[in-house]
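Start from the sequences and build out the full structure, keeping to the hints where you can.
First to last, the protein sequences are chains A and B. Quick note: the first sequence, position 162, residue 162 per the working numbering, numbers continuous. Residues are numbered in the working numbering as their position in the second sequence, beginning at 1, plus a constant of 404.
Keep in mind the hints are simulated off the structure, nothing from the lab. Nothing here was measured: the structure is a model prediction, and the numbers come from that model.
Heads up, simulated DMTMM-like pairs for lysine to aspartate or glutamate below, C-alpha to C-alpha not over 25 Å straight-line:
(1) Lys-347(A) x Glu-804(B)
(2) Lys-577(B) x Glu-604(B)
(3) Lys-401(A) x Asp-68(A)
(4) Lys-713(B) x Asp-756(B)
(5) Lys-640(B) x Asp-348(A)
(6) Lys-735(B) x Asp-18(A)
(7) Lys-209(A) x Glu-143(A)
(8) Lys-805(B) x Glu-166(A)
(9) Lys-805(B) x Glu-229(A)
(10) Lys-639(B) x Asp-161(A)
(11) Lys-309(A) x Glu-765(B)
(12) Lys-613(B) x Asp-514(B)
(13) Lys-640(B) x Asp-68(A)
(14) Lys-805(B) x Asp-348(A)
(15) Lys-32(A) x Glu-361(A)
(16) Lys-639(B) x Glu-179(A)
(17) Lys-347(A) x Glu-143(A)
2 protein chains.
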Amino acid sequence: MKKIILLILDGLGDRPLDYLGGKTPLQAAKKKNINRLASMGMVGLFDPISPGIRPGSDTAHLSILGYDPFKVYTGRGPFEALGLGMDLRPGDIAFRGNFATVDSNMVVLDRRAGRIDKGTDELAKALNIVIDGVEIMVKEGVEHRAGVVFRGAGLSPNVTDVDPHEEGKSILKARALTEDGKKTADIINKFISKSYEILENHPVNKQRKKEGKMPANIIMLRGAGIVPELEGFNKKYGMKGACIVGVPLLSGLCKLAGMDVIKVPGVTGTVNTNMENKIRYAIEATRDYDFILVNIKATDVAGHDGNGKLKKEIIERVDSAIEPFLDNLDKITLMITGDHSTPCSVKDHTGDPLPVLVVTEGIRRDGIDEFDEVSVSRGSLRIRGHDVINILLNYSDRAEKFGA
Amino acid sequence: MKKIILLILDGLGDRPLDYLGGKTPLQAAKKKNINRLASMGMVGLFDPISPGIRPGSDTAHLSILGYDPFKVYTGRGPFEALGLGMDLRPGDIAFRGNFATVDSNMVVLDRRAGRIDKGTDELAKALNIVIDGVEIMVKEGVEHRAGVVFRGAGLSPNVTDVDPHEEGKSILKARALTEDGKKTADIINKFISKSYEILENHPVNKQRKKEGKMPANIIMLRGAGIVPELEGFNKKYGMKGACIVGVPLLSGLCKLAGMDVIKVPGVTGTVNTNMENKIRYAIEATRDYDFILVNIKATDVAGHDGNGKLKKEIIERVDSAIEPFLDNLDKITLMITGDHSTPCSVKDHTGDPLPVLVVTEGIRRDGIDEFDEVSVSRGSLRIRGHDVINILLNYSDRAEKFGA
Chain A
1 MKKIILLILD GLGDRPLDYL GGKTPLQAAK KKNINRLASM GMVGLFDPIS
51 PGIRPGSDTA HLSILGYDPF KVYTGRGPFE ALGLGMDLRP GDIAFRGNFA
101 TVDSNMVVLD RRAGRIDKGT DELAKALNIV IDGVEIMVKE GVEHRAGVVF
151 RGAGLSPNVT DVDPHEEGKS ILKARALTED GKKTADIINK FISKSYEILE
201 NHPVNKQRKK EGKMPANIIM LRGAGIVPEL EGFNKKYGMK GACIVGVPLL
251 SGLCKLAGMD VIKVPGVTGT VNTNMENKIR YAIEATRDYD FILVNIKATD
301 VAGHDGNGKL KKEIIERVDS AIEPFLDNLD KITLMITGDH STPCSVKDHT
351 GDPLPVLVVT EGIRRDGIDE FDEVSVSRGS LRIRGHDVIN ILLNYSDRAE
401 KFGA
Chain B
405 MKKIILLILD GLGDRPLDYL GGKTPLQAAK KKNINRLASM GMVGLFDPIS
455 PGIRPGSDTA HLSILGYDPF KVYTGRGPFE ALGLGMDLRP GDIAFRGNFA
505 TVDSNMVVLD RRAGRIDKGT DELAKALNIV IDGVEIMVKE GVEHRAGVVF
555 RGAGLSPNVT DVDPHEEGKS ILKARALTED GKKTADIINK FISKSYEILE
605 NHPVNKQRKK EGKMPANIIM LRGAGIVPEL EGFNKKYGMK GACIVGVPLL
655 SGLCKLAGMD VIKVPGVTGT VNTNMENKIR YAIEATRDYD FILVNIKATD
705 VAGHDGNGKL KKEIIERVDS AIEPFLDNLD KITLMITGDH STPCSVKDHT
755 GDPLPVLVVT EGIRRDGIDE FDEVSVSRGS LRIRGHDVIN ILLNYSDRAE
805 KFGA
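Next up, the structure:
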């Protein structure tokens, strides 16, 4: 049995760019190590959910880990909250929160409270209250962002957002989308009013006003979702799983699946992340774990920025960082792919298929020695998210025979 | 956001023909415009339902429009009736009917009533009656054909046909296939008897007898199906859809999905159809619609005739007709494929996969510049019916992101 590393280059897939000579960043990049890995194994095209579906990183990773996103995904809140290290339980309702500035008429003056970047830990702590028997937990995130969790009986994610998404407009009242959402909508509205009472004269805001800054005097909620009960990854597949990921959304998701999160120095979830460390730690982690998911976010960041040259450079840095894999294919089954395309020409996720490679010692070689969106279409694989773990189990001698 | 045109060349897929030098009609055809479109986009193979399944035009089109034919298709009757312009409601039971000639012992003398081609409108009108509270609607079709609809409580499509499919045999009694079909079978049998009473001495038939023609003195029913409740196309996909199709079966299907039917002069559903008009109207229709389905039936007709040379010529005419697409790829996302294969060597539909291409400005090019059953297998796509609209939404910048 071999150990498994699944390397997800976030937002990897792209479309042709004129300034790269009609090539995609991956086609344009120098990538001798990735190409060498491709030539030693099997390549093809990959649809994280199904052809044409535009995945989020969260739904794509759920699908890749073998969870049907159409069944378990009910909104971004739970995954964001998990990523902030909040202790969630199945049935909790979680939201994405942001500290904002309102006037006394609840008109939004700044949706990001002047991009507040200090003191939100104290503000969040002050908002950990109980309303009508529902326990409310708030945890600060990056800048004005926060995770908000409701725990109690009779809650539902079927409620509307309160963020008007525009400054100069009043905060909206949460409404129930279905009968079972009424209690939750009511508690949201009470909580928002209460947050103004608590925050308006909080010492952090008194100080901000003194400094001429926007006070973070309210919290807005959106993206309600119920925390799903995922079958534990380790039990589902009979192997011990861990992840090395820079972004809270994905570490939260892996935690929800019961995987361990390995902290790696220098991992930032940005273009400056320390890729070499990620790869080295992943290989070292194979001593303690059977399966390690590694996500490198930088490719996606460059895609969202529409910067094809940067994306190409990042791919070249990845190519250099992954060199150690070449010496470990006797012990490791490696898959490299992405979770969705983020074409620089679109600056957002699309449903275009992604290149994928799987390699280990002794595997078939399908004779394609270029790893890019076009070359791999001549390869062996034409797979979907829910196939990934099965394929990795197979090529690591871990798959159980189904039948006799 | 771009507009979408989906061009279905009915029965497009084929098999090698000796008299075309071992090529399929599509391989043998000169088709510079189609090949140019292929070279500018992505190609591959397409299974309208799933690999090996032999689709009808109706089940294939349902699948292509994103409706699961295994769930919604219960027989051809409803689609034929819709194509005749009959006003159907979900829950109605519809049949394909044909006027026939029987003797007084109910032995079929001519299944097509001497290929009657006049007066069936009057005969059909005379058959609009009520039996046991069930409203029966009959509408004449081409020659001896008619649509028959039963409307009422407690009806079921689970009944046998009454057509013996052979002359010199008696009309069969309809039988219930399941318990819930008893009432419907009973009404069918009463209706058939009643139709003889009404038609035998109808003025149209008196006149026919005078002229030495077979009287259309009975109606036979087959292909019972319940009219399904389809989720409206426009709501399902958030776009306004229309179709340009020559055959009643498909316009009926599109109407059932809530799509508009665009009438185009010179469109016949035969090999002489005016393809140039279809394409021109489709492009013009993008002003008012987001999605236009265009079906060209002629390829299928040639396949059913087993005429590979004609099929090749028709493909060459299509190639010439579609030239205007080349100038509109900045505004239009185009897919070209078929609904099933109709190999000239088989003269009927088969479950062979079909070539497919999708093209628009800025899309990946997978480097295949020949559009035929074999060349496209080196391309990027390996898709099924239910993927089609998702892929088109993706490449027209209309797909909603699922997740974050």
